[in-house]
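**Q** From first to last, the protein sequence lines are chains A and B. Under numbering that gives the first Met the number 0, the first sequence has 35 at position 36, and the numbering climbs by one with no breaks. Under numbering that gives the first Met the number 0, the second sequence has 11 at position 12, and the numbering climbs by one with no breaks.
Hints are computed from structural coordinates only; laboratory data are not their basis. By construction, the Cβ of each residue, glycine as well, lies at the ideal position given by its N, Cα and C atoms. A couple of the hints might just be wrong.
Unchecked claim - So, partial list: chain A residues that the calculated Cβ filter (under 8 Å) puts toward chain B: (1) R17; (2) V46; (3) D77; (4) L165; (5) L167.
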Amino acid sequence: MLADIRLVAAKDLRIEWRSRVTLSQVVPFALLVLVLFGFALDANRPVLDAATSGLYWVTVLFVGLMSVQRATAIETTDGARRALLLAGVEPAAVFLGKALAVALQLLFVEVVLVGGVIVLFDASIESLPLLAATCVVASVGIAAAGTLLGALVAGVRARETVLPILLLPVLAPVLIGATRAFDDALGTVAVDGWAWLGLLAGFGAINTVLGALAYGVLLEET
Amino acid sequence: MGQLSAVADSVFDVSIIRLQAAVALIGRFPALAGIDLDVGEGEVVLVQGPNGAGKSTLLRLCAGLMRLESGEGTVLSHDLATERPAIRRSVGLLGHDTALYDDLTVRENLDFWAKASRVDASAVTPAMERLGVADRLHDVPVALLSAGQRRRVALAAVVVRRPRLWLLDEPHAGLDPSGRDLVDQLVVDAAAAGATVLLSSHEVDRTLELATRRITVAGGTITGDVTDAR
Numbered sequence: 000m001l002a003d004i005r006l007v008a009a010k011d012l013r014i015e016w017r018s019r020v021t022l023s024q025v026v027p028f029a030l031l032v033l034v035l036f037g038f039a040l041d042a043n044r045p046v047l048d049a050a051t052s053g054l055y056w057v058t059v060l061f062v063g064l065m066s067v068q069r070a071t072a073i074e075t076t077d078g079a080r081r082a083l084l085l086a087g088v089e090p091a092a093v094f095l096g097k098a099l100a101v102a103l104q105l106l107f108v109e110v111v112l113v114g115g116v117i118v119l120f121d122a123s124i125e126s127l128p129l130l131a132a133t134c135v136v137a138s139v140g141i142a143a144a145g146t147l148l149g150a151l152v153a154g155v156r157a158r159e160t161v162l163p164i165l166l167l168p169v170l171a172p173v174l175i176g177a178t179r180a181f182d183d184a185l186g187t188v189a190v191d192g193w194a195w196l197g198l199l200a201g202f203g204a205i206n207t208v209l210g211a212l213a214y215g216v217l218l219e220e221t
Numbered sequence: 000m001g002q003l004s005a006v007a008d009s010v011f012d013v014s015i016i017r018l019q020a021a022v023a024l025i026g027r028f029p030a031l032a033g034i035d036l037d038v039g040e041g042e043v044v045l046v047q048g049p050n051g052a053g054k055s056t057l058l059r060l061c062a063g064l065m066r067l068e069s070g071e072g073t074v075l076s077h078d079l080a081t082e083r084p085a086i087r088r089s090v091g092l093l094g095h096d097t098a099l100y101d102d103l104t105v106r107e108n109l110d111f112w113a114k115a116s117r118v119d120a121s122a123v124t125p126a127m128e129r130l131g132v133a134d135r136l137h138d139v140p141v142a143l144l145s146a147g148q149r150r151r152v153a154l155a156a157v158v159v160r161r162p163r164l165w166l167l168d169e170p171h172a173g174l175d176p177s178g179r180d181l182v183d184q185l186v187v188d189a190a191a192a193g194a195t196v197l198l199s200s201h202e203v204d205r206t207l208e209l210a211t212r213r214i215t216v217a218g219g220t221i222t223g224d225v226t227d228a229r
């Protein structure tokens, strides 16, 4: 199982490295969104300061959507999903491998975006451990829910437009929890960020378990 | 071909595919509407019929990729209703899609599918050489290959698995003359080694040279079955 997870994740990351989609398209897109948020709110500096965490995580959700779309397309473009079934790879391993690859890509973009909010929004980090933990745990949740729903819509003709409609509401707890935890980590609002991190961890765990159990059915039926 | 017939005659009594009143749906449409079929070990069966007749569906059903809606069936002694994962692991399917990752090289694709299929990685190089994709093409991203070259790589992925049952859907499509000859030779060699081959093709004259049996599919049912098709 672990070998299969590693195999699938390494394959997806290698494809990503070769195509440079994250580096050449996703990162510039994410930074551009931050810049536009800055343009929109900079006239009201206190609002921008208070909204920094939320803007950061909205941007991350957009990035997550793009990463999940891409991860889904890798398997659907030329019928590789079917070949994975034929190869006999455990569906749970396919799910965990793909989710791991998405989570690692998200983490990379999140690190860049933290630099972005520091430079563009003049944010400062009050608790690096909380900030880092939030990024890791939220990435797992986004990747798990996204990979699962990506498989659900894989057989749908208009999946590029259906996926955001399904995924964004599901990710609302991540947006809320990660924003609150980041508020604490950036010192913008006095909240217990670690408690919100617990919510994020629960969301990530539920979606990871659910995905590992349901992915096989989705591979078969979509 | 005489050698192939001799091998085939001796082993046909072992049933590799057995379908009884098999129905398979695509959506709500019965793509297979009650198929009865018995294919023995070592047979080379040409599945012919017009577009939309159910040829590809029949191959996908035999690969364990489709649910058996009603009827009964076994493939390689595994029940089609309850043991599809075991069937999938034992067959080699060349479909219309090549199941290759564009951004990986030919070698990386085949290495991935070998590892995923739990096949010894040492089988990859001989398969690449056999299909003529070892020298110039091994480190070329699949995205840069022509349709025919992609087809050869997809065939190499089937060869790597050394399946007992080959399911080839339009295997000659998109290939140049040398590639078509290569497919023919692969089928002959597979059958000589005791494997069973089910292939669909519109190139009936060419494929009849290979086949020991020809079935005709129309409207999701078998309308003709000729043994010793040559």
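**Q** For every hint, state whether the structure bears it out.
**A** Going down the list of hints, with the structure as the test:
1. R17: holds, 4 Å
2. V46: violated, 42 Å
3. D77: holds, 5 Å
4. L165: Check failed: Cβ of L165 (chain A) comes no nearer than 21 Å to chain B, outside 8 Å.
5. L167: Not OK, violated: L167 (chain A) not within 8 Å of chain B, min 28 Å.
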